[in-house]
Amino acid sequence: MDLFKIFGKKQEKSKNVAKERLKLVLVHDRSDLSPQLLEMMKTDIIRVITEYADIDEEGLDIKVTRMKKDGDITPVSALVANIPITKIKDNK
Amino acid sequence: MDNEKLGTAIVITSGKGGVGKTTTSANIGTGLAILGKSVVILDADIGLRNLDVVMGLENRIVYDIVDVVEGNCRLKQGLIRDKRFEKLYLLPAAQTRDKSAVKPEQMKELVDELKEDFDYIIIDSPAGIEQGFQYSIAGADIAVIVTTPEISAVRDADRVIGILEAKGLNNPKLIINRIRPEMVKRGDMMNRDDIEDILAIGLLGIVPDDEEIVISTNKGEPAVIERKSHAGNAYMNIAKRIIGEEVELLDIESSEEGKFSKILKMLFGK
Numbered sequence: 001m002d003l004f005k006i007f008g009k010k011q012e013k014s015k016n017v018a019k020e021r022l023k024l025v026l027v028h029d030r031s032d033l034s035p036q037l038l039e040m041m042k043t044d045i046i047r048v049i050t051e052y053a054d055i056d057e058e059g060l061d062i063k064v065t066r067m068k069k070d071g072d073i074t075p076v077s078a079l080v081a082n083i084p085i086t087k088i089k090d091n092k
Numbered sequence: 001m002d003n004e005k006l007g008t009a010i011v012i013t014s015g016k017g018g019v020g021k022t023t024t025s026a027n028i029g030t031g032l033a034i035l036g037k038s039v040v041i042l043d044a045d046i047g048l049r050n051l052d053v054v055m056g057l058e059n060r061i062v063y064d065i066v067d068v069v070e071g072n073c074r075l076k077q078g079l080i081r082d083k084r085f086e087k088l089y090l091l092p093a094a095q096t097r098d099k100s101a102v103k104p105e106q107m108k109e110l111v112d113e114l115k116e117d118f119d120y121i122i123i124d125s126p127a128g129i130e131q132g133f134q135y136s137i138a139g140a141d142i143a144v145i146v147t148t149p150e151i152s153a154v155r156d157a158d159r160v161i162g163i164l165e166a167k168g169l170n171n172p173k174l175i176i177n178r179i180r181p182e183m184v185k186r187g188d189m190m191n192r193d194d195i196e197d198i199l200a201i202g203l204l205g206i207v208p209d210d211e212e213i214v215i216s217t218n219k220g221e222p223a224v225i226e227r228k229s230h231a232g233n234a235y236m237n238i239a240k241r242i243i244g245e246e247v248e249l250l251d252i253e254s255s256e257e258g259k260f261s262k263i264l265k266m267l268f269g270k
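As given, the protein sequences belong to chains A and B, one line each in that order. Sequential numbering of the first sequence, starting at 1, is according to the numbering used here. Sequential numbering of the second sequence, starting at 1, is according to the numbering used here.
These are calculated hints, taken from the structure and not from any lab test. Any given hint could turn out to be false.
Listed next, the in silico DSBU-like pairs over lysine-lysine satisfying Cα-Cα at most 35 Å (straight line) [to be verified]: (1) LYS228(B) <-> LYS15(A); (2) LYS240(B) <-> LYS19(A); (3) LYS103(B) <-> LYS219(B).
All values reported here derive from a predicted model rather than from experimental measurement.
Looking at chain B on its own, in the form it has when it is part of the complex (with noise of 0.2 Å):
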């Protein structure tokens, strides 16, 4: 390709399904879009689909993952053009095809081209540890590991940075999702230290529990372009993190009054 811009690839991940992952690709994908990156947002999850109607291009659809990787199109013509911001596109997941049609091989070679020609790569995983996580793994930079404060997604976040670490994809990002402050109040809900003690890795961010992240999704909309929602600011807040800005953790983000300025010194600046 022309002048090598090697970008980051970055996959985001959680062991249990559920907690967010898809969402979270989608606004920090579009995040460091609107931060003016060029950025394609990769779905991994062949066979289950969901980030083109996350991101509202469910229509324009022709290629997908499994047709660039087995030759029928260019890579080219299977992005996605987003529909609003013009550096961001999407590479959709085979629907009618399983995780057995691509390997990690294969992914890991997409990836390298991709970064060629894009500042960010973001790896949608599907859900579990087998397959479709071991090729979603394979050309990553950095990992980021969604859970949310629920002792079943904590746990297999656990189990995954394990795997991750075996693999040599070293350092993983945390982003603890689906916070409910009210709940963390009264000592009903793990916080952003409870979490961080167990878990022992970096903290990327943390997102409320908001009813807008359903109506924007609903919409095709992440929330991170209106940003009228704590939910969207907390992505946004994330992908300047990613970007490597220091950007202060929200009132909302924090667990407990004065536990403010902990702030993660990024090591994204690669």
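Excised from the complex, chain A in its bound form (with noise of 0.2 Å):
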């Protein structure tokens, strides 16, 4: 997320900073996954969860981004899901 924390707050090289600008809107562009879209699975992912645990809707935070894999040098798409709980529901 803070791509640019890593390179400092000095002078930024504007290639640079076209360069990590290109792959964030590259990253929807290539995932066919539409804001709708990802609306819904975040509803789904929601209802879901909450079956289970009660979590800090506020602090959700869903997204698509890329990712290296192991071993693999071409970044992925990937759906990165941070979802806080704040408690665990007892089902028994």
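Put the complex together from the two separate chains, hints included.
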């Protein structure tokens, strides 16, 4: 998320800015996931998880990103979900 | 037709307009002719014909691609012979029609017919990913993507690569056009490695931004003929790589020192 932090605040080379921006837009371009579809997925994921746990919906973060798998050079798209759980439900 | 030649059809495409598809088509086609190959450059940008002026052949046009497709003339009558190279021909786009005038099947048939008589068919695709792009790629064996080192052009190139692969036109090759070495050196322009890293396709060549391109276009003489410019030399190298020669990247082409010999084993030797 904070790729820019790696480079620090000092005089960023504009080509690096371009490259990072490009990488981010391409993640979305390349995945056929439209924002609507992502929203639907989000709703479904929340519905399933809330059957088992209470979650902090405010702190919820679900997005498509790009990551490298071990031993693989080309990055792949990945769905990353950060879902804070406030309490596990006792279902017994 | 007589003995089957079965040439190779190469579509030059980009997604984004104004990155140099037509200039690239004219120079690659002419370069291949200089190397002794028989070539047809096909202007697929119906309604916005331009390859004729870039090649300096605008006064010779009688028929066009739509006439050929609709059967108003024979294929041979539609082809315009270049002024300088006898094995180089242009099939011009129609100027007063639109992209609905040619269907992908018709294009494929046309290109297949040309392949029987010529070594290379260079198809200059229109910008965009609509109808015109769709019929342009219909008969192609190989796709060459032209981009400039700008974020918008690279993004569109990525999109086009995705569409081409979905259509079964795999392994497209990349030309990075209008690179400005001094800006690359300053870190104000994405270099070859940056772009290759993002698009992850094989590099066919790098063409520097060069005033000589404007001058040669003014005159209707592709820069590859005189070769007194960096861009002209870069296009000649691209033509050589297409016929299977291994040519190292020019100094000007290579963005950083020591990056020379990551030379592509070109797979055009079909």
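Hints versus structure:
1. LYS228(B) <-> LYS15(A): Given that 35 Å is the threshold and the Cα spacing comes to 30 Å, the pair holds.
2. LYS240(B) <-> LYS19(A): Holds, because 31 Å separates the two Cα atoms, which is no more than 35 Å.
3. LYS103(B) <-> LYS219(B): Holds: LYS103(B) and LYS219(B) sit about 33 Å apart, inside 35 Å.
No hint from the list above goes unmet by this structure.
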